[in-house]
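> Listed below, chain by chain, are the residues.
4 protein chains.
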Amino acid sequence: MHILVSNDDGYTAPGIEALVHALRDLAEISVVAPEVNHSGASNSLTLSRPLAVRKAPNGFTYVNGTPSDCVHVALTGLLDRRPDLIVSGINNGANMGDDTLYSGTVAAAAEGYLFGIPSIAFSLVSKAWSNLDAAAQYARSMVAHQLKNPIAGPVLLNVNIPDLPFGETKGVQATRLGKRHPSQPVIPTSTPSGETVYWIGPSGAANDDSEGTDFYALQRGYVSVTPLRLDLTQQAQVDQIGRWVNPL
Amino acid sequence: MHILVSNDDGYTAPGIEALVHALRDLAEISVVAPEVNHSGASNSLTLSRPLAVRKAPNGFTYVNGTPSDCVHVALTGLLDRRPDLIVSGINNGANMGDDTLYSGTVAAAAEGYLFGIPSIAFSLVSKAWSNLDAAAQYARSMVAHQLKNPIAGPVLLNVNIPDLPFGETKGVQATRLGKRHPSQPVIPTSTPSGETVYWIGPSGAANDDSEGTDFYALQRGYVSVTPLRLDLTQQAQVDQIGRWVNPL
Amino acid sequence: MHILVSNDDGYTAPGIEALVHALRDLAEISVVAPEVNHSGASNSLTLSRPLAVRKAPNGFTYVNGTPSDCVHVALTGLLDRRPDLIVSGINNGANMGDDTLYSGTVAAAAEGYLFGIPSIAFSLVSKAWSNLDAAAQYARSMVAHQLKNPIAGPVLLNVNIPDLPFGETKGVQATRLGKRHPSQPVIPTSTPSGETVYWIGPSGAANDDSEGTDFYALQRGYVSVTPLRLDLTQQAQVDQIGRWVNPL
Amino acid sequence: MHILVSNDDGYTAPGIEALVHALRDLAEISVVAPEVNHSGASNSLTLSRPLAVRKAPNGFTYVNGTPSDCVHVALTGLLDRRPDLIVSGINNGANMGDDTLYSGTVAAAAEGYLFGIPSIAFSLVSKAWSNLDAAAQYARSMVAHQLKNPIAGPVLLNVNIPDLPFGETKGVQATRLGKRHPSQPVIPTSTPSGETVYWIGPSGAANDDSEGTDFYALQRGYVSVTPLRLDLTQQAQVDQIGRWVNPL
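Those sequence lines, one after another, are chains A, B, C and D.
Going by the UniProt record's numbering, the residue at position 168 of the first sequence is 168; the numbering climbs one at a time, nothing skipped.
Going by the UniProt record's numbering, the residue at position 83 of the second sequence is 83; the numbering climbs one at a time, nothing skipped.
Going by the UniProt record's numbering, the residue at position 159 of the third sequence is 159; the numbering climbs one at a time, nothing skipped.
Going by the UniProt record's numbering, the residue at position 187 of the fourth sequence is 187; the numbering climbs one at a time, nothing skipped.
Please note that a few of the clues may not be correct.
Derived DSSO-like pairs: lysine-lysine, alpha-carbon spacing no greater than 30 Å straight-line [to be verified]:
1. A/Lys127 to D/Lys148
2. D/Lys55 to D/Lys127
3. A/Lys179 to B/Lys179
4. B/Lys55 to C/Lys179
5. A/Lys55 to D/Lys179
6. C/Lys179 to D/Lys179
7. D/Lys170 to A/Lys55
8. B/Lys127 to C/Lys127
Calculated directly from the structure, the hints in this document are not laboratory data.
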């Protein structure tokens, strides 16, 4: 068995070290991860320059690009054999609801899925890396389960893990993505030379955190597992649009 | 009426100039676009630094960030009133099938949709800006149609326009996204100091270009209009995953 | 006659447009300038990626790199014949005293000088582009003078122009660089996610603005012209260091 | 005693680890170094965004900016007391002759010198990190010598160390900077989408490597020590320019 591990916090982040450590005896592990933090990178690919690929003393390979770059380059050139599974994370902070769209952690897994490889993104709902060991154990259980009992069909899972000690979570639930309110306003600040510049504001609070959502599960202490799709077609609207374009 | 225009090729690109020119008499136009080209940016947001917002001599506002940054900052701080429509493009090249996921042009429109505003992304299937005027006329017709006959419900449209003179297209079709084969291998090259570095390889050829897809429509000379959704949940798989996680 | 023009504020800056306009009838003008602002770039060269070179509608060539990159690439590949003079600017703000070391405007000229071509950097002591036309006229006079009466020997001139209407300056003085006090403290600010980050603080006030310095000249309404050298050897200290290293 | 250590290869480079290890028992060591490689950065300062300052597990502080940023931020905000010495390196490759102007290694030391602190830049004439331990021992000897027998007056030393085992160098020489021939031509390459882009070409060969230069010393197996100055005024030319500007 061969697992490719990536993330969006960069190859030196505690989350990827904990993940690799936890998976080490389940399979051969290859790590190809970004050189520096790329939170918010979404599925961005670097098309304007070639990517440098280097090896760290601990054996991790790092790329001066995005999470999607890392998995893309690994699958189209670096690895000598196709991985059986791609695992991304453990991310420093949640990736739930609409955030999923912006997440580099999810994007690294998505890139694998687009190449037809089962892929799982893990995020820990904590910015302080507290309970990282517990999160790594949950990740390990799920990966071991997938290796023994592979899910039928294409697989892209978005897993969020509560910030709780191992054994104190309530269990694991399959969920749908919730929704957030729109983001809060930009935060203006001033440069030393007097120009006003703007930070992107924080995410909005949960808008749809009803039963069945990832928000709902996490609020109650469950690990959430959301199966994702990447075909963005709004199938239910195609006929309506067909009628709408008719006069054009 | 108030339209916000953005793109991913940068505020100086011929595509956005042609688009603004074509829409000028339909509504008040605000332009907030990236300072430089961000093709492949996907929905990436810049979270690690504040964004500078400046005005070009032609009245366009430009931001040293991504397409998503531009629309986000416009909606959460720059504009004094909410736009009725967000239009992105006209992109230099197609955004069809899986490419949609990586497209900055689509991402700019997606950002508007997430704020509840009808949004349309326009792409021209040509890298040479040939037939740009024709594309701008198609964009104008569709925008005028939406302003007069607004589509019911949330709207995010991905429009691809063939590289043909005005009047020579076959019409407009509502489509679903096709699929591509995985990308081609990385392209290694050597730096002057002898390091091997890697370009991301070209997209794969169409894999699913069957009837009803955007590929199919464009190959036959139609403008394609694909309605998109951004909720990535694979709803059909939630129950299956629920059973799978049961032993965990 | 052939003049290469560059700057560090980017090819769309009013300063470079005014400069090119003022020089247009003195010689053939080639412009190769950065795509975006690179203030503070010093002599940095981009070695980690290849540079894109593109043409703007106004005929200017722009490069996605630093001021030094622009002149370097122009001289080692883009231009079909060697320029007789390299002119950089007009910069938005002074480049006096120690600032010269950090200036991208001066660096663009320095790059030309290193290739054995007479080079002049022009800076306007104003952040508001006020009196830019006057500055362009001074630049024009000096360039015309150099074309007719070329300075003997290698030439790298750092010219600072007061923020005054044409005819209201007191004249032109040859100067040495003054000195500044060390910079002011960093300015801490907070990101939306709560991390403290730091702006580089403003330059220090003039420390040596005694007679003969650029500071002194500008304070009195003169244009200052400082001849520069790029051999950083502290010749007067070589013997002292020779004795100091003796026991090693 | 308190030494600030920085470099331009990034805080994870073998050169800075070897340097810190070698100096550890001579003084208290603070490390503030760039997050990633910034070769060729010259004295560039980051003025367009605030800088993030983070701590690595090994105690090194890293900054998402240039070598000059690192030393600047350390001296104007991070360190609670002024260092007695600033040491930069050990660089991966020579910094001799005109290269000195582009070097980030030298720039880190230069920033300290501008704040009035004795500063030394160390470079190893090898790209393969061979004989790094020997280079670290030479650096240690020189730093120990400076701590015991401080050079009178302002100090900025540019030290280049041959790629030889310890004990096999011929000694240490005080030198002046040599000169290089202009760089070689740009190296064109093609992007996957067919655009021609350009690598900066390699440095030129030595042009002035006569006796007394750093080139001369290194070619003969000596460590070279060149005292530098940062006042770029070409004093010998001020009177000539005074006469030249007279008609203006």
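> For every hint, state whether the structure bears it out.
Against the structure, the hints come out as follows:
no., hint, in the structure
1, A/Lys127 to D/Lys148, "violated, 47 Å"
2, D/Lys55 to D/Lys127, "holds, 27 Å"
3, A/Lys179 to B/Lys179, "holds, 27 Å"
4, B/Lys55 to C/Lys179, "violated, 35 Å"
5, A/Lys55 to D/Lys179, "violated, 35 Å"
6, C/Lys179 to D/Lys179, "holds, 27 Å"
7, D/Lys170 to A/Lys55, "violated, 35 Å"
8, B/Lys127 to C/Lys127, "violated, 39 Å"
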